[in-house]
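Now for the letters of each chain:
Protein chains: 2
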Amino acid sequence: MSSLSVPRPAGLDRPFVAPRRHMFGPGPSNVPPRVLEAGSNPVIGHMHPEMFEIMSDIKSGIRYAFQTHNHVTLAVSGSGHAAMECALLNTLEPGDALLVVANGIWGERAADIAERIGAKVHTIAAPPGGCVTNDEINKALSKLRPVLMFVAHGESSTGVLHPLDGIGDLCHKYGCLLLVDAVASMGGAPLYMDKQGIDILYTGSQKVLNSPPGTAPISFSPRACQKVFNRKTKPVSFFLDLTWLANYWGCDDKPTRIYHHTGPVSAFYSLRESLRMLAEEGLESSWERHRMVAEYFHTGLENMGLKLFVKDKNARLPTVTTILAPPGYDWKEITSFIMKTHNLEVSGGLGPSVGLVLRVGLMGCNSSRESVDMVLNALKDALKHCHKSKV
Amino acid sequence: MSSLSVPRPAGLDRPFVAPRRHMFGPGPSNVPPRVLEAGSNPVIGHMHPEMFEIMSDIKSGIRYAFQTHNHVTLAVSGSGHAAMECALLNTLEPGDALLVVANGIWGERAADIAERIGAKVHTIAAPPGGCVTNDEINKALSKLRPVLMFVAHGESSTGVLHPLDGIGDLCHKYGCLLLVDAVASMGGAPLYMDKQGIDILYTGSQKVLNSPPGTAPISFSPRACQKVFNRKTKPVSFFLDLTWLANYWGCDDKPTRIYHHTGPVSAFYSLRESLRMLAEEGLESSWERHRMVAEYFHTGLENMGLKLFVKDKNARLPTVTTILAPPGYDWKEITSFIMKTHNLEVSGGLGPSVGLVLRVGLMGCNSSRESVDMVLNALKDALKHCHKSKV
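Chains as they are written, first to last, in the working numbering: chain A, 1 to 391; chain B, 392 to 782.
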């Protein structure tokens with residue numbers, strides 16, 4: 001007689017086949033066959049010599065994509081959010097001051113995490129769909145003297161591309177480290193970690209890189225390492241402890257690597273292939289392609305009579321476009337209609353933009369004129385068929 | 392002219408093909424083709440309805456594998472180590488007392504993390520390769536009155552299977568929660584979360600489940616939830632915050648799920664398929680197969696004159712076997728020889744067993760008489776060809 005009190009679940013009787021759809025939301029984006037194929041290679045050990053080679057290739061690929069020579073460059077075994085925590089948990093100690101440029105949900109998240117650590121959090125809020133000026137940053141830095149400043153380069157909730165030029169120098173003038181979230185922008189808009197004086201930079205695998213979600217490239221400047229490796233207290237997370245991660249990734253000067261955690265081997269295979277694709281196209285070509293496609297898209301939207309949430313053309317994120325929710329329509333009906341009728345994901349707002357916008361992500365292999373035409377066509381169809389109230 | 396100062400990395404010029412090898416170390420284990428194939432399905436959104444269905448199947452599969460009816464059952468987006476942190480970070484607040492049964496590296500890790508949280512850590516050490524008795528546990532609980540007790544069911548560093556019967560009742564008598572690490576044992580040895588009074592249980596995807604590393608099933612009893620959801624402070628990690636994770640996995644009573652982080656979609660596909668395979672075979676059949684194969688293996692080793700690190704037959708982990716390093720040999724030469732000549736992974740010790748043992752993991756699809764014969768043959772070959780000092 002069986003000793004089991006929980007029977008076999010019926011739901012697992014059948015296999016699962018994922019639907020194919022156009023992933024034009026803010027991420028995850030479509031994963032090209034060659035990246036999926038790389039991920040389905042046989043699993044080897046997380047510390048086999050071949051794996052260290054793959055990790056070495058990933059590090060080189062990240063250095064290229066970030067435009068940095070930083071020694072401490074690696075991929076966190078988690079989503080972009082885990083990389084954000086990795087940056088904050090390693091850099092901040094209780095009582096440290098953090099300055100957050102809040103121009104969407106990511107600034108809010110960074111503030112939430114920093115408060116959990118026991119840091120003092122100060123915020124400069126940008127107007128909705130707008131940015132903060134270097135002058136405002138200068139004033140806040142000089143007054144608050146934070147040890148770290150956070151800004152999202154690509155704010156996928158509002159569709160803002162925040163300018164970075166000059167901010168690094170400002171931070172360093174006041175002995176502050178600059179932490180930049182480039183989850184939604186990296187590979188899709190110009191970004192120069194070293195030249196722009198960024199101390200900590202991270203991104204996610206599932207946006208422009210077109211990898212499955214689950215890995216997050218991150219890099220620390222020598223200045224950032226100076227702070228991180230001279231903490232008085234251990235970071236609360238062992239899983240994200242940079243001292244351990246740097247050793248696991250061969251970024252310290254120790255002769256041997258010590259077991260830390262079992263990295264997501266298959267996800268690293270995919271990430272390597274994604275970085276390879278970016279290197280094949282060339283970083284500048286990728287930036288330029290995203291710029292041109294976004295321009296073509298934005299013109300198309302305006303020709304349809306739709307309005308963009310971000311007024312300033314230069315502050316528009318080329319990867320994720322925020323469109324003002326068409327007046328008189330229920331945005332949810334539009335996104336559902338498009339998913340159902342066109343097998344295509346377009347999403348609503350997030351955080352401060354909920355209910356205000358539609359968001360369309362065209363990232364990596366999805367950034368093409370063909371994709372734009374598909375989205376415009378789907379939107380036209382939705383505006384024709386969805387219910388419109390008499391406004 | 393290019394604005395790039397970091398050129399394309401040469402290492403990414405070539406594609407990567409992972410070698411096929413017998414993964415008979417303590418994990419990751421071999422991933423069967425159908426699990427790899429499931430993982431290479433097209434990526435869909437982490438919050439698409441089809442994904443919620445997959446997550447629902449995963450929850451049912453975990454409840455079956457853990458033998459629990461717990462509502463709060465989900466998979467952490469990380470390795471088994473992330474699940475350990477998830478358990479400790481959510482349960483412990485600064486000042487709380489933790490009792491650790493230390494019978495290998497996992498107890499040490501749990502103690503390290505708890506100290507980072509600011510908990511008071513007490514340890515009962517088991518003799519090397521041995522266990523702690525219920526009597527010792529009773530005494531420690533009554534004296535120290537911890538809020539949480541940690542024990543590794545399958546101690547992969549020492550090869551010990553720690554008995555669990557009766558410990559749950561003891562813990563509850565003293566108002567203590569029981570946290571069990573079953574990363575190396577789940578699916579390979581009898582385990583009944585509800586019947587054994589386990590309050591928090593977790594495992595990893597890359598052991599008996601034969602999935603790629605990167606997801607970690609975990610479950611919390613109502614008693615554990617009582618503590619976790621009535622904390623005075625927020626857990627330091629937002630990424631592992633159970634309040635958020637429970638909502639993301641549809642384990643709370645809220646009508647909608649709010650975006651928390653982007654789950655590793657492809658890894659969840661694989662995990663679902665692995666749980667499906669376990670359900671197909673049946674949990675008890677899987678336990679019995681691992682038991683019989685381990686017995687066959689241990690007899691074969693003893694017939695070769697090799698000695699097992701764990702003396703007590705009942706305390707031997709059926710999934711990971713620790714063999715005393717053969718006297719006169721360099722254990723590293725043996726593992727290298729076997730990898731090179733037989734394309735087969737056997738590993739050295741970890742933590743307290745470094746230098747003392749060889750470790751062989753036969754987990755999930757690798758637990759078969761054919762695998763045992765391969766390992767025995769490779770070991771015989773190594774003892775014949777590796778250098779032996781005159782002891």
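Check each hint, because a few of them may be wrong.
In silico PhoX-like links for lysine-lysine, alpha-carbon gap of 20 Å or less [unchecked claim]:
(1) B:K625 with A:K234
(2) A:K234 with B:K511
(3) A:K307 with A:K332
(4) A:K120 with A:K232
(5) A:K340 with A:K307
(6) A:K384 with A:K332
(7) B:K645 with B:K723
(8) A:K120 with B:K625
(9) A:K384 with A:K340
A short list of chain B residues far from chain A (calculated; beta carbon distances all over 10 Å) [to be verified]:
(10) R399
(11) H462
(12) Q617
(13) R663
(14) K775
Please keep in mind that the hints were generated in silico from the structure rather than gathered at the bench.
None of these values were measured; they are calculated from a predicted model.
Quick reminder that beta carbons are idealized off the backbone N, C-alpha and C, glycines included.
Q: Return the numbers of the hints above that this structure violates; sort them in rising order.
A: 5, 7, 10 and 13
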